[in-house]
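> When we follow our numbering, the leftmost residue of the sequence shown carries the number 161, and every step to the right adds one.
These are calculated hints, taken from the structure and not from any lab test. Misleading hints may appear alongside valid ones.
[Claimed, not checked] Below, simulated DSS-like cross-link-like pairs (lysine-lysine); rule was C-alpha separation at most 30 Å, straight line:
hint	residue 1	residue 2
1	K632	K294
2	K199	K535
3	K632	K589
4	K440	K294
5	K199	K373
6	K294	K373
7	K365	K320
8	K320	K294
9	K199	K214
10	K365	K199
11	K250	K199
12	K294	K250
13	K535	K373
14	K250	K320
15	K365	K535
16	K250	K373
17	K589	K535
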Amino acid sequence: MGMQLRELLSREDVPSIVVGGISSDSRIVRPGDLFIAYKGGEFDGHDFVDEAIKRGAVAVCAERAESNGCRVPWIQAENIERLRGSLAAKFYGYPAQSMHVVGVTGTNGKSSVAYGSACLLDATASVGTLGWGKPPGLCPTSLTTVDPIAMQANFSELLKRGIRQAVIEVSSHALDQGRVNDIDISCGVFTNLSRDHLDYHENMKEYSDAKFKLFERPELQCGIVNVDDPLGNRITEHLTNRNIRCLSYGISPDADLQWTNVEYASNGIRGTWLGAWGRKNFYIPYVGEMYVANAAAMLLVASYFGMEFQDAVERMQTTPQIPGRMEFFFESGLPSTVLDYAHTPDALRSALEAVRSHTSDRIVCVFGCGGDRDKGKRPEMARIAQELADFVVVTSDNPRNEPPMDIINEICEGFEVPAQFFIEPDRAKAIEFAVSHAQSGDTVLVAGKGHERYQEVGNIRLPYSDRAAIQKVFGVRT
161 MGMQLRELLS REDVPSIVVG GISSDSRIVR PGDLFIAYKG GEFDGHDFVD
211 EAIKRGAVAV CAERAESNGC RVPWIQAENI ERLRGSLAAK FYGYPAQSMH
261 VVGVTGTNGK SSVAYGSACL LDATASVGTL GWGKPPGLCP TSLTTVDPIA
311 MQANFSELLK RGIRQAVIEV SSHALDQGRV NDIDISCGVF TNLSRDHLDY
361 HENMKEYSDA KFKLFERPEL QCGIVNVDDP LGNRITEHLT NRNIRCLSYG
411 ISPDADLQWT NVEYASNGIR GTWLGAWGRK NFYIPYVGEM YVANAAAMLL
461 VASYFGMEFQ DAVERMQTTP QIPGRMEFFF ESGLPSTVLD YAHTPDALRS
511 ALEAVRSHTS DRIVCVFGCG GDRDKGKRPE MARIAQELAD FVVVTSDNPR
561 NEPPMDIINE ICEGFEVPAQ FFIEPDRAKA IEFAVSHAQS GDTVLVAGKG
611 HERYQEVGNI RLPYSDRAAI QKVFGVRT
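Full structure from sequences and hints, please.
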């Protein structure tokens, strides 16, 4: 695949060069690529132009004027960060226009709803934190909402595989930065809103307004909304005023899909769906109250795509566990261990409450907080862990450019004396300590990293996996 640079940029004042690809990440530039350089929130792409050229970039499109001595053509353009998605869409032949795309936003539940919906449906991909592709065989990604260049490349590849439906995660960052502007999203899903990303957004209003943008898109045809959340009610009213179809879910009597008679067992949840589709008994292989709501959203996504409701309810009984999302590990004679991505106060509370609903013995909670992120949630998460767990192990979770013990000390400020907790900065050792000191009837919740396969230290991602650490401890003890 290749395209004339003039055609790609729609400019005659650039050299006649064929580019074989587009990249804004110098580490993955391939020979023949156009390198796009702009100043981002953390890094400045202009600082990596030389590296990109060494890797084979044949031209640079940048915000700044040409630097002296550049060995390849340098094209200056405005708003490059937002332009890159449009360039990628054009380069790959506008693949999203040939796809039916549902976008999922919300503080918690995006990955679960996207992945779970794609599991229910045939020839449907999920794209987001867990990776991209048809579950369970996902290719890895590094962001909740994939880089817009990679997104267009992924959609192009999905079309080649015969996949024309996708459920994608849409973060507040992506909506604020316009990363999904060049993707037609026909249906938007809202899961919930709670404190997160206040290192990026100035306040909760700015955060909620970013989420709301998904439902202001002109191409939107349908909304699937959790009406138990205050923002969900605002979204529903907005969609109604726009004469856009809205499918709601929640325990609210006004919801299109409700649930009742919910029973929690060690291997899943049973209950009854209520709504426009009548009464349907259900079993879902998930853990926790929030997964009833997530399952409801999945069912409505499947319904939006044309799947019969009863068929979706039946298929959900055998869907696989969602990687790193309340993922259970069982071994005879050992404490049950749950791996979850909970890294916000609300998510940690939900995860601990979910574990409590499935166990009658002690809960041991392992968690940490990320460096260079919202510091206000650190003591708050300690208070939640102390309230809902019987014992807490505080550890590291992507310390980035902060000393791990500084983060841990700020977390521990939230504990009230006396508190049952233990500090172990080494995350693998913290998990080993927690599992080894728990009894066979207890449950250990390992919260924060979920599916991640790295620990961010400085600006480097070191190989690490909570799942591997859990499995190693289970192996040691058996």
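> Take the hints in turn and mark each one as holding or not.
Now the hints, each set against the structure:
no.: 1; hint: K632 to K294; result: 29 Å, holds
no.: 2; hint: K199 to K535; result: 25 Å, holds
no.: 3; hint: K632 to K589; result: 11 Å, holds
no.: 4; hint: K440 to K294; result: 28 Å, holds
no.: 5; hint: K199 to K373; result: 24 Å, holds
no.: 6; hint: K294 to K373; result: 27 Å, holds
no.: 7; hint: K365 to K320; result: 41 Å, violated
no.: 8; hint: K320 to K294; result: 13 Å, holds
no.: 9; hint: K199 to K214; result: 20 Å, holds
no.: 10; hint: K365 to K199; result: 26 Å, holds
no.: 11; hint: K250 to K199; result: 23 Å, holds
no.: 12; hint: K294 to K250; result: 24 Å, holds
no.: 13; hint: K535 to K373; result: 26 Å, holds
no.: 14; hint: K250 to K320; result: 17 Å, holds
no.: 15; hint: K365 to K535; result: 18 Å, holds
no.: 16; hint: K250 to K373; result: 24 Å, holds
no.: 17; hint: K589 to K535; result: 24 Å, holds
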